[in-house]
Structures are given as structure tokens and as C-alpha cells.
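Colleague: Single-letter residue listing:
Number of protein chains: 2
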Amino acid sequence: MPDNNHTNITAAQLGTLYLLPSTMSDASIDRVLPPHNAEVIRSLRHFVVENVRTTRRFLKRVDRSIDIDDLTFEVLDEHTQRSDVAAMLAPLLRGESIGVISEAGCPAVADPGAAAVAEAHRMGAKVVPMVGPSSIMLSLMASGMNGQQFTFLGYLPVERQARAAALKEIQRRVSRDNVTQVFIETPYRNNRLIAELAQQLPGDMQLCVAADLTGPGESIVSRSLKEWAHAAYDYGKTPAIFVVGNNS
Amino acid sequence: MPDNNHTNITAAQLGTLYLLPSTMSDASIDRVLPPHNAEVIRSLRHFVVENVRTTRRFLKRVDRSIDIDDLTFEVLDEHTQRSDVAAMLAPLLRGESIGVISEAGCPAVADPGAAAVAEAHRMGAKVVPMVGPSSIMLSLMASGMNGQQFTFLGYLPVERQARAAALKEIQRRVSRDNVTQVFIETPYRNNRLIAELAQQLPGDMQLCVAADLTGPGESIVSRSLKEWAHAAYDYGKTPAIFVVGNNS
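Top to bottom, those sequences are chains A and B.
Under this note's numbering, residues 21 to 268 are what the first sequence spells out, in order.
Under this note's numbering, residues 21 to 268 are what the second sequence spells out, in order.
The hints are all genuine.
In this list, chains with the same sequence are indistinguishable; a pair is considered to hold if it fits within one copy or across any two.
Here are the simulated BS3-like pairs of lysine-lysine, each with C-alpha atoms no more than 30 Å apart in a straight line:
| # | residue 1 | residue 2 |
| --- | --- | --- |
| 1 | Lys-146 | Lys-246 |
| 2 | Lys-146 | Lys-257 |
| 3 | Lys-257 | Lys-246 |
Hints listed in this document are in silico derivations from the structure and should not be mistaken for laboratory results.
Whole structure, please, built from the sequences with the hints as guidance.
Modeller: If you want it as C-alpha cells, here you go:
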């Protein structure tokens, strides 16, 4: 095990930063979170969160007996100044642990929580990631495509030329390198994106659309773009994640 | 919701393919799996697994009352012929569901289980991915690096020239595109890989080493390669995952 005592205060004296996934969609807690997560949540008094309102609701769903008014919440969202993050972690210096919770799913992956993690490492505090739902991982598992190598691209660019270049790069990475491509889209554009992919990428390439993952309307469809071109579908505004690759 | 009736048999008549994560390391079930997973496991009689012995042990840990002798196991590993996979899914055609379980962590991502998923989609069966531990996702969360865009590379090439090219590409993708790079290494080479990264990549680049994730010896260290170059560490043969990127 590595020697991590590169700060004056040792990790043992500092609090721990717990990365706590929350539910996505309307999934029940039992469907998506290990029991240990609730135990950790009950032990914490301080939270750094993307959205206070959704976090309060989430905590109440985890355990109705939690006294929300007894807790402190610091907001870390896309408007937060990077220089304000260290102060949010002050409880760690007093030996008190903090939970990081994002709007939905796993924190610190595609949200501002990563800044809190980076800061905790800088302080020499212990960081403990907890298990929970990740739409990236669930869609990749359910796609049936190569997961030995994959890329998560976040949102595709909206601007026309940049978007065309991104689609070309997706095709190149799949055809040439067999690297599966995972990306997201603003929900109201889901249908348009599928039509666009079916029109602009090779018909034998596979597209998996995973909608409302872990939710009551979960729908996972994986087929060739040739098949998508002739299929009837309407994802409306359901949150979805897209996987393009070669079939296994 | 999409129209998925592109086969003669509808998904409603077919069994479901459940993708069931297993524990990594010596983690307790409660630490890494939602209670719902055990309910699904108890409802299944058929399993497609990477390793029968470890799966039997895992099922017993999930629920000691499960009668293992009552279950069927089909092995889907790296030696399996692709043409043999469809026959393994025969229970689905009789309306019976199947669980896919890999050696450790989430199935069908970096293991042969993906072929079963692809085949299930071809049959028009429902595929349901369940939540569980993924070393890729846990290490990315805990790294404090950009997770808006990331790539999982699997194992780095061993051959000298190919490896040098892979390291160059890692550097390029981080520096130029800010795409975080996640990869694994055969455990006994962990220390050597860290030294190699510290020597060959820019010192201001960040390296997170996440070892024994979810296990009793979990250790997550994220610091600059300059700091790694002067640090004392010994990961021995502990399974580890590596994340290289820019700090958030």
C-alpha cells in the first residue's frame, strides 16, 4: 500500500469524502443502492450537493427518520467558483466526514463534484466512492457491444460543423479501432439524433438506445442502424443514453 | 417508447436476460449490491457465467438458502465459440429468464458476456442491466479528474513499441482533448507501470491509482506524476486500476 503522508495532517485525522450515488428516474432505493450506502448516509452531517432540494428529497427516501434540519448542505454546481470549493470541505479538517451527492446517479463523473474530489486529495483526505447506478455503465452492459475499449463523449456538439466532425470521429473510432462510443443528448432531441445517426453512419453499425434506465419505463433497444432507419420509435422527452459500436 | 416487435415472437413471451454484477475483492454483499439483485437471483434457475466455481460461491454468499444443484450453468468465457452462444440462451425461448454473471464486477463490459447480450437482442428478448460495482466507474469517480469525457483502454499493450505509442496517445488525448484515460495492468506489473508513467508523461499530469476497490484494503491515491516520481509505494499484486488526466 502506498505511503500517502505527503501532507502535514495525516488522512487518519481528517474526515472522509464519501461519493454517494443517488437514484435516477423514479427507481426505488432498493433497486439501485446497496444497504451500506444508507448506513454511511446516516453517519454523515455534512453534504456537498449539486441541488439541495433534490438531495433533501433523496435523503428522506433513503431513510424517513433522517432529521434534514440537522444537516449542512453546500452547493457545488456549474455556477460554483473553483476557488470556493476548498472552504466547502472545511469539516474534513475537523475530522468530520462529508458526502457528495449529484443531481442523479454517480457523483463526480459528469458533474461539478469532481472539483470536491480533487480538493480532498490535495488535502490528503480519504476518498471513498460508493456503488450506485451509472447510466454509462448500465447502457454499456446492456448494449452487447465491445466494452473492452469504450469512450464516453458527454453531449455531442450542437453546432453543425462540429457535430458533423463528431459523427465522423465516432464512425472512425468504431470502424478502425473497435472502440464503443457512448454519448448523451438533450432529451427533446432524442428522435432527431437517432434519425441523424441512421442517416449518417454505416447501416451495419449497431446503435443501442437505453431510455429511463432503472426506471418504471426502462427500454433498451440495440439493433443495426439499418434496422433503426426502418423502425418506428418515439422517445419523446425520456432521458436516454446512446451507444454506437460493433456487435459482440 | 420504441416498437420492438421486429421478431415473430414478442419480448413478452420470451424470458429476460438479467445482467448481474458480482462482488469484487472480498467486499460484503451489502457493501456493493442493491437488495433487488438478490430478489432477481432467487427468481432465476438458469445462468450464463464466466466461471462456474466462483459463481456458485457468489450465489451462496448472496443467499445461503439457494439450492445450487437446482440451477443450470452455461460457461461463456474467452474459449467459447461465438456460434455456441445462441444455444446457451435456449431457456429464453421457453419464456425462462437467465442471469449473466462474470468473474468479478459488472458483466458484459470487459468480458465475454457481451456476446450473450448481443444474441439476446437478436432474439428480441428483454435485457435488464442491474446495478453493481464497476472498478472503471468507481475509480473515475474517486479520481477527481474530468469525467465529462473519458476513455477506458482495457490493458495497455505489452510489446515495447506498441506500448510507447499507447503512452503517447494517452498524453495527447489528455493534453489536447482533456479526455481522461482509464486502464488496467496485470497486477504484478503495477509498480513498474507507475514508474513508467512518472518517467514518460508530463509531471503536471495527474495519476490516480485505485487498488482493491470496495475491498478491505481499498486504497485510492490521486496526485501529480511529479509527486508519484518521488513517492514511496508498493502495490504488490493488488488488483488496481489507473486513471490519467487533468485535475478538476
